[in-house]
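Q: Given next are the chains, with one letter for each unit.
Protein chains: 2
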Amino acid sequence: MKVLIVHAHPEPKSFSSALKDLAVNELQKAGHEIVLSDLYAMKFNPVASSADFGKRVDPDYCVYALEQRNGVSSSTISADIQQELDKLLQCDLLVLNFPLFWFSTPAILKGWIDRVLVSGRVYGGKRFYDRGGLRGKRVLVSITLGGQQHMFAKNGVHGPLDDMLKHLLRGTLAYTGLAVLPPFVAWHVPYVTHDDRVAMLASWREHILSLNEQIPLSFPSLNDFDDLLHPLRDVE
Amino acid sequence: MKVLIVHAHPEPKSFSSALKDLAVNELQKAGHEIVLSDLYAMKFNPVASSADFGKRVDPDYCVYALEQRNGVSSSTISADIQQELDKLLQCDLLVLNFPLFWFSTPAILKGWIDRVLVSGRVYGGKRFYDRGGLRGKRVLVSITLGGQQHMFAKNGVHGPLDDMLKHLLRGTLAYTGLAVLPPFVAWHVPYVTHDDRVAMLASWREHILSLNEQIPLSFPSLNDFDDLLHPLRDVE
Numbered sequence: 059m060k061v062l063i064v065h066a067h068p069e070p071k072s073f074s075s076a077l078k079d080l081a082v083n084e085l086q087k088a089g090h091e092i093v094l095s096d097l098y099a100m101k102f103n104p105v106a107s108s109a110d111f112g113k114r115v116d117p118d119y120c121v122y123a124l125e126q127r128n129g130v131s132s133s134t135i136s137a138d139i140q141q142e143l144d145k146l147l148q149c150d151l152l153v154l155n156f157p158l159f160w161f162s163t164p165a166i167l168k169g170w171i172d173r174v175l176v177s178g179r180v181y182g183g184k185r186f187y188d189r190g191g192l193r194g195k196r197v198l199v200s201i202t203l204g205g206q207q208h209m210f211a212k213n214g215v216h217g218p219l220d221d222m223l224k225h226l227l228r229g230t231l232a233y234t235g236l237a238v239l240p241p242f243v244a245w246h247v248p249y250v251t252h253d254d255r256v257a258m259l260a261s262w263r264e265h266i267l268s269l270n271e272q273i274p275l276s277f278p279s280l281n282d283f284d285d286l287l288h289p290l291r292d293v294e
Numbered sequence: 059m060k061v062l063i064v065h066a067h068p069e070p071k072s073f074s075s076a077l078k079d080l081a082v083n084e085l086q087k088a089g090h091e092i093v094l095s096d097l098y099a100m101k102f103n104p105v106a107s108s109a110d111f112g113k114r115v116d117p118d119y120c121v122y123a124l125e126q127r128n129g130v131s132s133s134t135i136s137a138d139i140q141q142e143l144d145k146l147l148q149c150d151l152l153v154l155n156f157p158l159f160w161f162s163t164p165a166i167l168k169g170w171i172d173r174v175l176v177s178g179r180v181y182g183g184k185r186f187y188d189r190g191g192l193r194g195k196r197v198l199v200s201i202t203l204g205g206q207q208h209m210f211a212k213n214g215v216h217g218p219l220d221d222m223l224k225h226l227l228r229g230t231l232a233y234t235g236l237a238v239l240p241p242f243v244a245w246h247v248p249y250v251t252h253d254d255r256v257a258m259l260a261s262w263r264e265h266i267l268s269l270n271e272q273i274p275l276s277f278p279s280l281n282d283f284d285d286l287l288h289p290l291r292d293v294e
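Sequence lines, in order, name chains A and B. Heads up: the first sequence begins at 59 in the working numbering, then just goes up one per residue. Heads up: the second sequence begins at 59 in the working numbering, then just goes up one per residue.
Calculated directly from the structure, the hints in this document are not laboratory data. Keep in mind that this is a model prediction, so the values were computed, not measured. Everything hinted at is true.
Identical copies carry no separate label here, and so any pair may be met within one copy or between two of them.
Below, in silico cross-link-like pairs of lysine-lysine (DSS-like), each with a Cα-Cα straight-line distance of 25 angstroms or less:
hint, residue 1, residue 2
1, K184, K212
2, K113, K71
3, K60, K87
4, K145, K195
5, K60, K101
6, K71, K101
7, K195, K184
8, K71, K87
9, K60, K195
10, K145, K101
11, K87, K195
Taking the hints into account, I'd like the entire structure generated from these sequences.
A: Take a look at the structure:
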């Protein structure tokens, strides 16, 4: 299996970075081929702009998605995007490993999403959800956060974490056709004991070594919608 | 009223930029004081990192939120953050105006959120939701997107837009104590006619001139939770 790990934490000695290191080591030991994009170490540019395109469809007015399609098909898209896109298209499993910043990814990883998940190859027109360009691949999200698990219970102060992450799990990852594995969440990280962290590393190890037994989350199928994306029947 | 408009679109001639211009003009005409942060024009740096702090609490290990608290209280936080934070703390109304990228903000705006909504002043400890550091101020989100409104119906292919935006409306804006006004959404922008766009501009004008009649969205109150943030009673 080819695995692309995209890691985004500003502190190389963080617990999130330890999760990344453990994933690299364990997956390598299990015989998989690992490619790592450590976005902070790479000083990845997260800002989607017209500078991403060597040759513009319209030099006077930038429709970003349109320029992405042209940039990829004419191989004139920025080299840093092309490189990440190649890694993505070659992988069987994508791992996104990051600390939760404002119930989402750090901006540097949001920018990887904005720039690398290109229109044309990854999605476009009716190619989304179970018809998305990345179908056949899987994704695993691994998050560290300060909050405690009970704060994300159904009647907790924030409600379920999966609801807070709907934009990412459904609106981004499932949208591209990826099979979204159950996320791994390390709770309350800055406040727990050393022993708790050791236990979380052990459960992360177990999580990544049992990926094949895990059932991906459920998302809509375009088969349930007509050509104008009206539902074919009422959904509860 | 002092209004801070944070705008984030890569194309200065975009419809999103027209919404921004209209807001600036109409609010100025109505006698309000406008401050504009046009993040692309400013080449705003969206990457939260240890470089944001002139003087570190711990030079060997960066806990970003902790360094934010220290950086603000000792006035050693990066000048670009301090400048945006001052604008934010002085405003009565914050407007976030952007195109929807992957059911969220463009990375450059996510980075404004990551870096400017500092721990200590904006949130921290039990200071969130109705006890957040920005309570007393209001926020208006204004979004352009390619999708059509029926795709975001309750039984639509993506489900309600507010659910996709939960991380932003609740997890970010309401979290800081801001009163979140009903978002303005311009649907299907790249595909509609000139007349449709003129109509959308007119309805945006109406939206911003009737802010005082609008009822903010509802979010949890910490009064309904105990000191450990367990709910005081069952919530449906």
